[in-house]
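Enquirer: Given the coordinates of chain A, work out where chain B with the ligands should sit on it, guided by the hints.
Residue numbers (the numbering used here), protein chains in the order written: chain A, 1 to 247; chain B, 248 to 789.
Rather than coming from a laboratory, the hints here were simulated on the basis of the structure.
Among the clues, some could well be false.
[Stated by the list, open to error] According to the in silico footprint, chain A covers these stretches of chain B (three or more CB under 8 Å from chain A):
(1) 664 to 673
(2) 681 to 693
[What the hints assert, rightly or not] From chain A, some residues computed to sit far from chain B (all C-beta separations above 12 Å):
(3) His12
(4) Gly18
(5) Gln21
(6) Glu24
(7) Phe28
(8) Gly68
(9) Asp137
(10) Thr225
(11) Pro226
(12) His244
No residue lacks a Cβ here, since even glycine has one placed at the ideal position from N, Cα and C.
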Amino acid sequence: MTTTKPILSLQHLQKQFGQHQVLEDISFDIQQGEIMTIIGPSGGGKSTTLRCINLLEKPTAGKICFHGENILDPGYQLNRYRAKVGMVFQQFNLFINKNVLENCMIGPELVLKKSPEEAKATALGNLKLVGMSPYIDAKPNQLSGGQQQRVAIARAISMNPELLLFDEPTSALDPEMVNEVLTVMKKLAATGLTMIIVTHELAFAKEVSDQIAFISGGVVAEAGTPAVMLEHPKLEATQKFLRHFNA
Amino acid sequence: MKSRLTACLTNLLVLCSLLLGFGQFQSVQAAKHEPTLKIGMEANYPPYNWTQTTATHGAAPIDGSKQFANGYDVQIAKIIGRHLHRRVVVEKTQWDGLLPALTSGKIDLIIAGMSPTSDRRKVINFSQPYRKSTFVIIVNKASKFATAKGLNDFIEARLTAQQGTLHYDLIKQLRGAKRENAMTDFSAMRQSLQSGTIDGYVAEDIEYESYHRVNKNIVAINLSRMKGFKVAESDAITSIGVKKRNTTLLRQVNRILATVSAAKRVALMNAAVRQQPRAGDSQTTQEKHENLFVKIMRQYGGMILSGVGMTLLLALVGTIVGFVIGLLVGIVRTIPTPTTRGKRILLRIVKWLLSVYVEIFRGTPMMVQAAVIYYGIAQLWHINLNRTVAALLIVSINTGAYLAEVIRGGITATPQGQFEAASALGMSHSQKMWHIILPQAIRNCLPSITNEFIVNIKDTSVLSIISVSELFFVGTTVASQTFEFFPTYFIISVIYLILTFSITRIFNLIERRLAGPKNYDLMGNQLQVGLMESEIQHDDNN
Ligand SMILES: Nc1ncnc2c1ncn2[C@@H]1O[C@H](COP(=O)(O)OP(=O)(O)OP(=O)(O)O)[C@@H](O)[C@H]1O
Ligand SMILES: [Mg+2]
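The following block holds chain A by itself, in its conformation from the complex (with noise of 0.2 Å):
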């Protein structure tokens, strides 16, 4: 398993807002097909490190490897890239001035440069895979949160990423809609898509996961398979975080 090469790299990456320095030092890797669990505290730079993987945010050091190529090397193809890495907001983040259809055509229509028909049937594919074929001429403001999330996932698909990074996309949602966002996350799963999760659903995460990092304090503490750092976290700071949510 270490001998393939990863598909994304994490080297010492930081990231400072003014003189807040958010990420001190954050490393990891990520081979083709693994889905990869982030869990931590609130404030301790998960969300940043996905920002930053896609660019959202600029990194202020550090190397960002995609395919062994670090893409923060000038002259590198960012929207390419961009394209290849998809995202799933946790405020769902749907284009508000068009309809569900419209939200899963536009990305493949505009920068894959597919045909209106290619990027319909693949988005009406999509759509399908996360249950939400009858709504397709809804709005995104006529439609519940985990309906529109779902749209989001379908969104993110239809560009056929190579790598889908999903910023707590259950957070928002009311608990009864949790388990219908959950459950097309597992259909992605089972198609082999490389994933990044944050997450506090960890249940989900230790049916789902390769591996878990727990960041904290803007540095990846400790990271492992679901059932060592689930069961037998390490660290101190680990476990207390892991008690609060058990208990």
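Expert: Quick look at chain B with the ligands alone, frame taken from chain A:
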């Protein structure tokens, strides 16, 4: 939906041009190939000059309209034109616009009942006088000032005169008189005197002669004959204004004036006083009063409609072009900082220039902008802009400055998550803007854009400073020809109200259309939906 919007706008434009066809755009195309002699005058100062709808009594055409000018000045102009073998065309210009129009070369001569004061002589040259004046104060017969004999008899009298004229300065010689704000034209002064907001106004004897023909309730008090009254020789005469450098023309004008005898001049002036427009004999009787609106509409309906067309055209084109300008400026001002140094500096310079543009045009009145642009361009670069083109330009640039800020606000108010989701899909900045951000920003700005349109309908009235025949300008002309101020302006204000009201409705409709249907139809039936949901649940249990 987009095409329907375009169709709607095209229809409005067609309507504008149709209305304009009622009189405005058909400029006077001469059959003769003589060169023109462009005469600047207000065409609103009888008996020196006035506007009429027909060519009777040897009137001269007014450039850019279907109307004609006549009066003492026009007759003098025609004598000069005949000698020079040039066809007289009147450029109807507001009083304050006359000097700039001459110096910028938009007109050849000012023949507008103008006195060669020393101030004016600094800017332009004047011919030998073509008339000598007597100064009077016109008051109501019933007024206590009607019997005034000397300069000291006007204590507490509220007096006025035309703005920017010698008349207004003469009031200072009347001890204790209260100098009210100067007015723009004689029609306004007549109206003020009639309504009692002033006690009198200073004018020439000839103004008394003309006004007395339509209003027997006034008297003139001769100032020129009062003891101690001082007026420079150059002020009591009326001359023709010629551009400083144009000495040949000045010499020709003087030579021609010398051929016009004193008797001929008196005859011309008397004819002008006789022929000048006057209020209908309907002034007093109640019954005829009721038909006034109808009468005005019948006589001047075409003119008023063409004014409506011009106003609509200015407001519509101004708002659309202004919107495009505002959109571009708004977009540029929200471009994120680029990575390379050269581009960063360039962007900073462009942004700075744009904010200067926005500040200047939001910070100065449109009336001033109009005067500066219209006369400035002519004076600096000798480009003679067509009035309508200039007006369209000014309204567009002005609206652009306002809408730039509105659209920038709309862009910044779009939730950050919309930008981020678009970035996450790998869209470029311009793709994000055109497909995601601007459609949302524009929809949010639509109420402000409607508002700007309505403001434009009303505010284009200030363009009368460059004599564009929009609704207000037409109203002023009609009022000064009919002397029916209240009915004319009442009609005009009702038309403004109808315009703004219907535009508000139309835009509300567009807004609702853009919002899309309130409900959506489920593709397939409810059973299927239930199936989908249970399918997900089912997988969950596996
Ligand atoms: N744009 C920003 N400017 C300044 N500080 C920021 C910015 N974004 C995040 N931070 C700070 O960085 C730290 C880490 O934030 P981050 O959102 O990554 O935490 P998190 O681990 O995702 O927390 P949570 O579980 O609450 O989402 C916080 O202290 C936050 O205040
Ligand atoms: Mg977070």
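Enquirer: Now look at each hint and say whether the structure bears it out.
Expert: Hint check:
A stretch counts as covered by a chain when three or more of its residues have a beta carbon under 8 Å from one of that chain; for the stretch 664 to 673 of chain B and chain A the count is 9, and the coverage holds. Residues of the stretch 681 to 693 of chain B with a Cβ under 8 Å from some Cβ of chain A number 5, which satisfies the need for three, so the listed coverage holds. Chain B leaves His12(A) outside its interface by the beta-carbon criterion, the shortest separation being 22 Å against a cut-off of 12 Å. Separation of Gly18(A) from chain B is adequate, the least Cβ-Cβ distance of about 16 Å exceeding the 12 Å criterion.
Here Gln21(A) stays apart from chain B, with its beta-carbon at least about 23 Å from theirs, past the 12 Å limit. At the 12 Å boundary, the C-beta of Glu24(A) stays outside the reach of chain B, the nearest C-beta of that chain being 24 Å off. Distance check for Phe28(A) against chain B: the nearest CB is about 21 Å away, which clears 12 Å, and the non-interface claim stands. Annotated as non-interface, Gly68(A) keeps its C-beta farther than 12 Å from every C-beta of chain B; the closest such distance is 20 Å.
Its closest Cβ contact with chain B, about 4 Å, brings Asp137(A) to no more than 12 Å, contrary to its assignment away from the interface. No beta-carbon of chain B comes within 12 Å of the beta-carbon of Thr225(A); the shortest separation is about 23 Å. Distance to chain B confirms Pro226(A) as a non-interface residue, since its nearest Cβ pair spans about 19 Å, more than 12 Å. Its beta-carbon lying about 26 Å from the closest one in chain B, His244(A) satisfies the requirement of being farther than 12 Å from that chain.
The structure fails to meet hint 9 from the earlier list, while all remaining hints are met.
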